[in-house]
Amino acid sequence: AQSVTQLDSQVPVFEEAPVELRCNYSSSVSVYLFWYVQYPNQGLQLLLKYLSGSTLVKGINGFEAEFNKSQTSFHLRKPSVHISDTAEYFCAVSALGSGFGNEKLTFGTGTRLTIIP
Amino acid sequence: DVKVTQSSRYLVKRTGEKVFLECVQDMDHENMFWYRQDPGLGLRLIYFSYDVKMKEKGDIPEGYSVSREKKERFSLILESASTNQTSMYLCASRGSAYEQYFGPGTRLTVT
Chain A
34 AQSVTQLDSQ VPVFEEAPVE LRCNYSSSVS VYLFWYVQYP NQGLQLLLKY LSGSTLVKGI
94 NGFEAEFNKS QTSFHLRKPS VHISDTAEYF CAVSALGSGF GNEKLTFGTG TRLTIIP
Chain B
230 DVKVTQSSRY LVKRTGEKVF LECVQDMDHE NMFWYRQDPG LGLRLIYFSY DVKMKEKGDI
290 PEGYSVSREK KERFSLILES ASTNQTSMYL CASRGSAYEQ YFGPGTRLTV T
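Line order of the protein sequences matches chains A and B.
Counting from 34, one number per residue, gives the positions in the first sequence under my numbering.
Counting from 230, one number per residue, gives the positions in the second sequence under my numbering.
Heads up, a few of these hints could be off.
[Stated by the list, open to error] Have a look at the derived ranges for each label pair, beta carbon to beta carbon:
id, chain 1, residue 1, chain 2, residue 2, range
1, B, Lys299, A, Leu89, 19 to 25 angstroms
2, B, Ser296, A, Ile116, 39 to 45 angstroms
3, A, Val62, B, Pro290, 21 to 27 angstroms
[Claimed, not checked] Only part of the chain A face toward chain B is listed, based on derived beta-carbon distances under 7 angstroms:
id, residue
4, Tyr65
5, Phe140
6, Gly141
7, Thr142
8, Gly143
9, Thr147
No lab work stands behind these hints: they were computed from the structure.
Please read all numbers here as calculations on a predicted model, not as lab measurements.
Cβ coordinates follow ideal geometry from the N, Cα and C atoms, glycine included.
In isolation and in its complexed conformation, chain A is listed as follows (with noise of 0.2 angstroms):
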């Protein structure tokens, strides 16, 4: 079974700062990796995804994150944050495989960003 870790449960952040949001995974097979936001009574909404390929990938709302398969990490990070970016950030991962397995993901507990005008 996999699990996921996200270290902060709270992260405040002044404007035009930058920003990292840690996750930390735990899985016996390779992974797919996601990060998904959450703005005040909405659903989630995708932000970005690694599959394979490049560790570097890059999503929506100038975010991108980097897949580090020795440390078994998945940080989120943006190099200047704008009030619009306060919401919850949730990481999550699927593990391949045969089986219905790999059609779950498992998601972290989530962090709480906030923008400090």
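Fit chain B to the supplied structure of chain A, relying on the hints for placement.
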């Protein structure tokens, strides 16, 4: 554009009532999912379906059942609602590139 809709944004029910939460997707996806979201716990999978009339238990299926009679519709049923089922419920469907598309959520309060 991808669209997943849920029948209600807010719902208030009494303990013991039978509750139906409906989810519809317009992307012809085979896989659909029901999650509940609680503060500090993230999203937890209740049930998923990989085809019409096919279903699999997720991580927390107790107290819930599901129905999938048509490909586009996936229903979550609380047979006898309890206060510990007060939560945000999110439906999703899965695309060909493995990402899941989410509906806006239903905030259910059981009193």
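Hint check results:
1. B:Lys299 to A:Leu89: 19 to 25 angstroms: Between lysine 299 of chain B and leucine 89 of chain A, where Cβ atoms are some 41 angstroms apart, the hint is violated.
2. B:Ser296 to A:Ile116: 39 to 45 angstroms: 42 angstroms, holds
3. A:Val62 to B:Pro290: 21 to 27 angstroms: Given range 21 to 27 angstroms: holds, Cβ gap about 24 angstroms.
4. Tyr65: Status holds, d = 5 angstroms.
5. Phe140: Holds. Min distance 4 angstroms.
6. Gly141: 6 angstroms, holds
7. Thr142: 4 angstroms, holds
8. Gly143: 5 angstroms, holds
9. Thr147: Given a least distance of 15 angstroms, the restraint on threonine 147 of chain A is violated.
The structure is inconsistent with the numbered hints 1, 9, although it conforms to all the rest.
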